[in-house]
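Could you put together the complete structure from these sequences and hints?
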Amino acid sequence: MDFAITMTGFVALYIFMLAAFAGWVIIGGVPAILHTPLMSGSNFVHGIVVVGGIFALLNASTVLEQSIGFGAVLLGAGNAAGGYAVTDRMLAMFQVSKPHRARRARAKHLKKV
Amino acid sequence: MSTIIPQLIIGLTDLAAAFLFLYGLKRMSSPVTAPSGIFVAGLGMVVAILASFLYVFSVSAAARPHLAVNIGLALIALALGGGVAWWSGRKIALTAMPQMVALYNGMGGGAAGAIAAVELFGNKAQGLAQLVVTLLGALIGAVSLSGSVIAWAKLDGVIEKPLRVRGQQAVNALFMLATLAFGGYIAFVTQSGVAPLIPMPQLIALFFGCALLFGVLMTLPIGGADMPVVISIYNALTGLAVGFEGFVLQNPALMIAGMVVGAAGTLLTLLMAKAMNRSVGNVVFTNFGAAPKHKQGDIKGSLKPVEAGDAGIFMRYASKVIIVPGYGLAAAQGQQRLYEFVKLLQAGGVDVKFAIHPVAGRMPGQMDVLLAEAGVPYDLIFQLEDINDEFANADVALVIGANDVVNPAARTDKSSPIYGMPILNADKAKKVYVVKRGEGKGYAGIVNALFYGDNCNMVYGDAQAVLGKMIEAVKGLGLAAAA
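If you're matching them up, the sequences are chains A and B in order.
Following this note's numbering, the numbering of the first sequence begins with 1 at its first residue and continues without gaps.
Following this note's numbering, the numbering of the second sequence begins with 1001 at its first residue and continues without gaps.
Hints were generated in silico from the structure; no laboratory data involved.
Built from N, CA and C at the ideal position, the CB exists for glycine as well.
Worth double-checking, as some hints may not be accurate.
Okay, the calculated beta carbon distance ranges per label pair [stated by the list, open to error]:
#, chain 1, residue 1, chain 2, residue 2, range
1, A, Leu18, B, Val1158, 39 to 45 Å
2, B, Tyr1419, A, Gly29, 27 to 33 Å
3, B, Gly1083, A, Ala92, 18 to 24 Å
Here's what the structure looks like:
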């Protein structure tokens, strides 16, 4: 038995096509208020490149390959960690505010009426 | 035999990671579920990275003697790159976030390029398809890296002016062609086995050099006002590069995550460009300031400065005030003060609303984030199309640190570089106050006729200081009434 994944030609194209469609649909109809966090969030998601970097570095057999692989992991880790930190900070602003604020706004509205 | 279990675990965790990314992004696309969305995606990232160390069981024979060193290097790189980026992402001021996104995005592009470099130098690609995809990923990743760094430098103020020279587009095209030629030649040599004219390593280095230079040259002439769109383009490109390298490494998690971001980033780019009423091609290939020099003699009237306190008191006695925030508010970190002032007005029975232009600030949605941080309730914040008709019956439009997004030239002046961009109709309000640091021009570098209008007064000063004075003045009124 073998669980190694091999993808060639059309299988890869199908994956690309479906993934692209998913990305398009997920972002479609997003309110403008979320554009910045979403750009940042999708920036975090492509930080998965660090996994490719680790694979390349583990399979490196020359000093040149090792140093470039090291760079790949370094940059990829930066992409992932930085992307998460920034996105989380942006989105945290939505978190604290939401529930009690909606209630307060409603209370104010009632008072006015 | 010993590789089956690790392979199975890697396969399952990558599958889970791909799902968690999609689900996380889906949650991030609604304000209610957004905060948990990034956590879901983060979970996917952690399991994928942990599982990736199981690759140690299946490394190539050539790399086996170096395994211990390589594992050590990988751990150091993870800790170093992740640690520094995490720390900077936590520390950085809120206003600097757009450039940080650019920087982190460039890192991702660089990582994709570096993976391609390892594959190319090690001659690991199997077959023409893999080789071509490796080269494409390398090209896109390298352009994204150097372009993002330039975008970062521009937003951070390291590079102040867009750099434009005659015939720049021809030079850019030349470098693009050179990159493609080197890439094509690499593919040809590798496939045919013909001895290359230049030794292979140098050929690969030239290929990357040209791609990096192309990214720099392409980004340099683009003005700072267009940087949000540019960052979004590079975000999509990095996604694409990651997806391509995922195919080369036969890793479906990378393929899916990369391609999802590629598509999502492309759509986001189109939405942003649409908000500015410009096509993406227009942003990238024609320069914002390069429009024929606009004659500015046709603006009548004068700038009429007033004291911050007077403006504050006037607004206290208005019945309807619409506030237009811009980058100046973010730069002065005046959002808390602004909300404090708004609460004072509301306590006096003034109807206060916020009008957000889609490209106010340096990134779409930046103003929403900024106001959310200050605690401004959502129901006070309105987007352009929802509030634009209300300016006509507003007593005061208070423009804070915004300029181009309220410039009526976009409506009336065909020769203006921003002609056709939807703007907030602040000029239609009975009274307009503009809080501005000085008489300088906006990011687009054009004079704003709104400021010269009969109904407009300028309040000069740093947004935070000005709002402080307004608060003081309005509070002073309350004290006088109580006495």
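Hint check results:
1. A/Leu18 - B/Val1158: 39 to 45 Å: Given range 39 to 45 Å: holds, Cβ gap about 41 Å.
2. B/Tyr1419 - A/Gly29: 27 to 33 Å: holds, 29 Å
3. B/Gly1083 - A/Ala92: 18 to 24 Å: Distance hint for glycine 1083 of chain B, alanine 92 of chain A holds at roughly 21 Å.
When held up to the earlier numbered hints, the structure conflicts with none and fits them all.
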